[in-house]
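Asker: Please work from the sequences and hints to get the whole structure.
Same order as they appear, the protein sequences are chains A and B.
So the first sequence is numbered by numbering that gives the first Met the number 0: it starts at 0 and just counts up by one.
So the second sequence is numbered by numbering that gives the first Met the number 0: it starts at 0 and just counts up by one.
To be clear, the hints were calculated from the coordinates, so they are not data collected in a lab.
Incorrect hints may have been included.
Heads up, simulated DMTMM-like pairs for lysine to aspartate or glutamate below, C-alpha to C-alpha not over 25 angstroms straight-line [unchecked claim]:
#, chain 1, residue 1, chain 2, residue 2
1, A, Lys74, B, Asp289
2, A, Lys74, B, Asp419
3, A, Lys61, B, Asp445
4, B, Lys116, A, Asp151
5, B, Lys116, A, Glu48
6, B, Lys109, A, Glu48
7, A, Lys61, B, Glu179
8, B, Lys197, A, Glu299
9, A, Lys61, B, Glu119
10, B, Lys197, A, Asp98
Covered stretches of chain B (chain A as the covering partner; in silico rule of three or more C-beta atoms under 8 angstroms from a C-beta of chain A) [said to hold, decoys possible]:
#, region
11, 34-46
12, 116-128
13, 188-200
Built from N, CA and C at the ideal position, the CB exists for glycine as well.
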Amino acid sequence: MKRWRYLSGKISWALFTILFVIVLNFFLFRILPGDPARAGVRDPRLTRENIEAIRVRYGLDKPIINCFESLNPVKIGSCVVNPLDTQFFIYIGNLLQGDMMISFHTNRPVTEILSERLWNTVILIGAGQILAIIVGVLFGMFSAWKARTSLDYASLTISLVAWSIPTFWLGVILLFWGSNNGMPIAGMSTPGMSSYPLLTQWGDIARHMFLPTLTYTIVYMGEYMLIMRSSLLDVLSEDYILTAKAKGLSIFQILKDHAIKNAMLPLVTIIAINLGFTVGGVIQIETVFSWPGLGMTTVEALNRRDFPVLQGAFLLIAVAVILSNLLADLAYSYLDPRVKTE
Amino acid sequence: MKQKALYILLLAALVLSACGNLGGGQPVVVRIGWAGSPDTLNPGSAILSEAYTIFGLVYDSMYKLNLDGTFSLGVAESVEHSADGLVYTYKIREGVKFHDGQPMTAKDIKFSYDLYKAHEDFPYINSYTAYIESTEAPDDNTIVLTLSEAIPNIESQLVFMYVLPEHIWKDHAEGSATVEFENFEMIGTGPFKIIEYKQNEFVHLGANKDHFETPPKVGEVIFQTFESQDVLVQALKSGQVDMITEMPATAVETLKAEANVTVLNGAPFAPGVSDIILNQVTPENCPTADGGLCTGHPALQDRNVRLALAHATNKQKLIDVVLLGYGTPGLTLIPDGLGFWYNDTIKDYEFDVAKANQMLDEAGYADTDGDNVREMPDGSRPLIFRVNWPSDSIDAPRQAELLSEMWAEVGVKTELQATDPDALTAQCCPAFDFDVILWGWGSDPDPSLLLGVQTTGEIPTGYNETGYSNPEFDALYDQQAVELDLETRKGIVWKMQEIAFNDVVYIIPYYEQNIQAYRTDKFTGWLTDFAKIELSDVTSLVLIEPVK
Chain A
0 MKRWRYLSGK ISWALFTILF VIVLNFFLFR ILPGDPARAG VRDPRLTREN
50 IEAIRVRYGL DKPIINCFES LNPVKIGSCV VNPLDTQFFI YIGNLLQGDM
100 MISFHTNRPV TEILSERLWN TVILIGAGQI LAIIVGVLFG MFSAWKARTS
150 LDYASLTISL VAWSIPTFWL GVILLFWGSN NGMPIAGMST PGMSSYPLLT
200 QWGDIARHMF LPTLTYTIVY MGEYMLIMRS SLLDVLSEDY ILTAKAKGLS
250 IFQILKDHAI KNAMLPLVTI IAINLGFTVG GVIQIETVFS WPGLGMTTVE
300 ALNRRDFPVL QGAFLLIAVA VILSNLLADL AYSYLDPRVK TE
Chain B
0 MKQKALYILL LAALVLSACG NLGGGQPVVV RIGWAGSPDT LNPGSAILSE
50 AYTIFGLVYD SMYKLNLDGT FSLGVAESVE HSADGLVYTY KIREGVKFHD
100 GQPMTAKDIK FSYDLYKAHE DFPYINSYTA YIESTEAPDD NTIVLTLSEA
150 IPNIESQLVF MYVLPEHIWK DHAEGSATVE FENFEMIGTG PFKIIEYKQN
200 EFVHLGANKD HFETPPKVGE VIFQTFESQD VLVQALKSGQ VDMITEMPAT
250 AVETLKAEAN VTVLNGAPFA PGVSDIILNQ VTPENCPTAD GGLCTGHPAL
300 QDRNVRLALA HATNKQKLID VVLLGYGTPG LTLIPDGLGF WYNDTIKDYE
350 FDVAKANQML DEAGYADTDG DNVREMPDGS RPLIFRVNWP SDSIDAPRQA
400 ELLSEMWAEV GVKTELQATD PDALTAQCCP AFDFDVILWG WGSDPDPSLL
450 LGVQTTGEIP TGYNETGYSN PEFDALYDQQ AVELDLETRK GIVWKMQEIA
500 FNDVVYIIPY YEQNIQAYRT DKFTGWLTDF AKIELSDVTS LVLIEPVK
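Answerer: Below, the structure is given as structure tokens:
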């Protein structure tokens, strides 16, 4: 019963947050200065009629919402318009039907663009996350086990350095190193590969993934390592570990059966939160390696005032973060019985 | 057990990433790196120049633009026009075929022109139809164009109006479906046809060996997108691409030292101009109905001040520092890249700080309070100018710092501020809520475009960004727009440049050059001996062949 209350509370809070993001997304971008109909096109060949036609096409000729003609600059308009004829409610209405409208920049449906890009980002950052978690956790365990020895200090130093390296700097260094060693340095596939067998195509994508994934892994493993190490050290100082030692268990058995499970708790939170941000992509890595993912798309859309793409991308990122937080909460309630009773 | 699984996973990743070296026995492929990507493959809704580069390869139009700025006939084999210059009759080549094998006829041309004209929401191409009253195709090989005005530059109107296949586009010709048509198949008649397109990744083209005039000698061309210019340089060095369309000036020296690489610089094919916009709009001309605020510093309305600023601007230093020398000193909005239309007889204002100071002294702008900043003759306010530039500009911050130092020498203080490009547009024009903006224009092949932005009529539209207004200049503009005789028109256009220069409408720091580079060990035959450099243009790509 308690569990259900806890669960439904968390879920309804997540839903409320998503709803809030949907509304915020719309107004956030409309407070930005500039007219999307003219962004990127500053050209005398573009007549007033052209601009007007473009505004009509994107629905920008309609008021933002009742009483407001536009938000930047703030222009008060009539309050007695049909709400369904305002940009805000058209946006909400379309969204409810799963339609994120048409990109201002490429004139393609936003859902189509985002689904292409989402996949690209997920495979890149997903691989990076998994590797970072594996390497980081192993390193952390090793460090905690060898605590306060020179090996521990060495791996601690490596992790701290890796964690504090600026992502783009490391990316550029690896890019130069990779290009001198014949690694592809841009994009996610060699153009013209689509006629090859599937396995060859995957191999090609894997080659393209190597450098960006390596960058990601190096930067993020440090975080996992440090948390794993300190969490495991905490656990190892507990009385029941002493008991286990007294029983004559080997260090391996102690780690495996008693320590690691408990030390993983804080890591679950971090992993869940980071997984959420995975969807947002890592803008710097995507930019350095010209990876056509969600991060790059978001930056480009921002530069071009491509509201529909921005709204879609932000919504996607927000939903991913909220869902993975929810997941972390649920996992916590399962892993740590104390959480339920609170 | 778990660890074993991990180990296998890692191993699998390594094996996957190691298997490579694909290909063999494939067609000859030219790989081009660029730091952009087309916004769309639909010629109606495209805005970015990268899209137009691809259109130029895949489509044909009535005229071709040559590297020297002249035009020659494309799908037409001859043209005649009526004595009053209102009716043009084109004979269309026979036997031209679209990439899907269907014949191209005059009907397709009429369809395309009508489509461009009917869609006001086509940002660029629609405006090129402004003077076309009607397009008729009396038979399969004749096009009759009737114009609303006798214009001297029909070539530059038609050159970007690509011939689309009616049998494909007729299903996408109505309403918003037209701009939203993705056109991934991109059937045209041009020397290249599309194989695969992935937005923001690459455009993969194959040769159309049946092209009526210039079948390419290579098999395929790939344009690959790189997010930064520095990475482009690295990709060329390591041989991942054979040519790069752009690169930072800072990399030129190191790249020149590289074996098997040639670096070229010259005027860009689509010439551009950097400008220092001086807000000189007068209260009478302030477009208040269109949102004009007109908060510009009154001193800039005085030609003496603008002239003094021009004398105080060391253009060579700007070119050397900002562009590392890869630019030419500017005169007016008409860049040297326009060749024939560029008035090269104008003598630039010499860089002379003493002279500039003397001018300001004589005009009554004295520094009365000894703070090294001059005041207005009536003492009302000091000569402190706001200087803004779009925050996405790489060159402008350096330019602004230098200008600030240079102008301080003549007692003019500047307040530097980078601004979001959209916010800057809102601030610029027709609001005129600024003093000085560092910005620029891209030019059409025809001078009309950039002469037009200096006319009074464009103040309310926001395209006249200085607020300059001169009835004589306006009258000459209208004259050149209908002058059919080339030499006479050139005379008017040159005169207009002189007037704009004498009135110091803008200070033009420089015309930036294009820097491109290619590998000499891969392909040969690039067109490099023109004043203009554009290796990714169709003119080069149909000529190059592999190095033996």
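Asker: Each hint needs a verdict: does it hold in this structure or not?
Answerer: Cross-check of the supplied hints:
no. : hint                : in the structure
1   : A:Lys74 x B:Asp289  : holds (14 angstroms)
2   : A:Lys74 x B:Asp419  : holds (21 angstroms)
3   : A:Lys61 x B:Asp445  : violated (37 angstroms)
4   : B:Lys116 x A:Asp151 : violated (73 angstroms)
5   : B:Lys116 x A:Glu48  : holds (12 angstroms)
6   : B:Lys109 x A:Glu48  : holds (23 angstroms)
7   : A:Lys61 x B:Glu179  : holds (20 angstroms)
8   : B:Lys197 x A:Glu299 : holds (16 angstroms)
9   : A:Lys61 x B:Glu119  : holds (18 angstroms)
10  : B:Lys197 x A:Asp98  : holds (22 angstroms)
11  : 34-46               : holds (count 5)
12  : 116-128             : holds (count 9)
13  : 188-200             : holds (count 6)
In this structure, the hints that do not hold are numbers 3, 4, in rising order.
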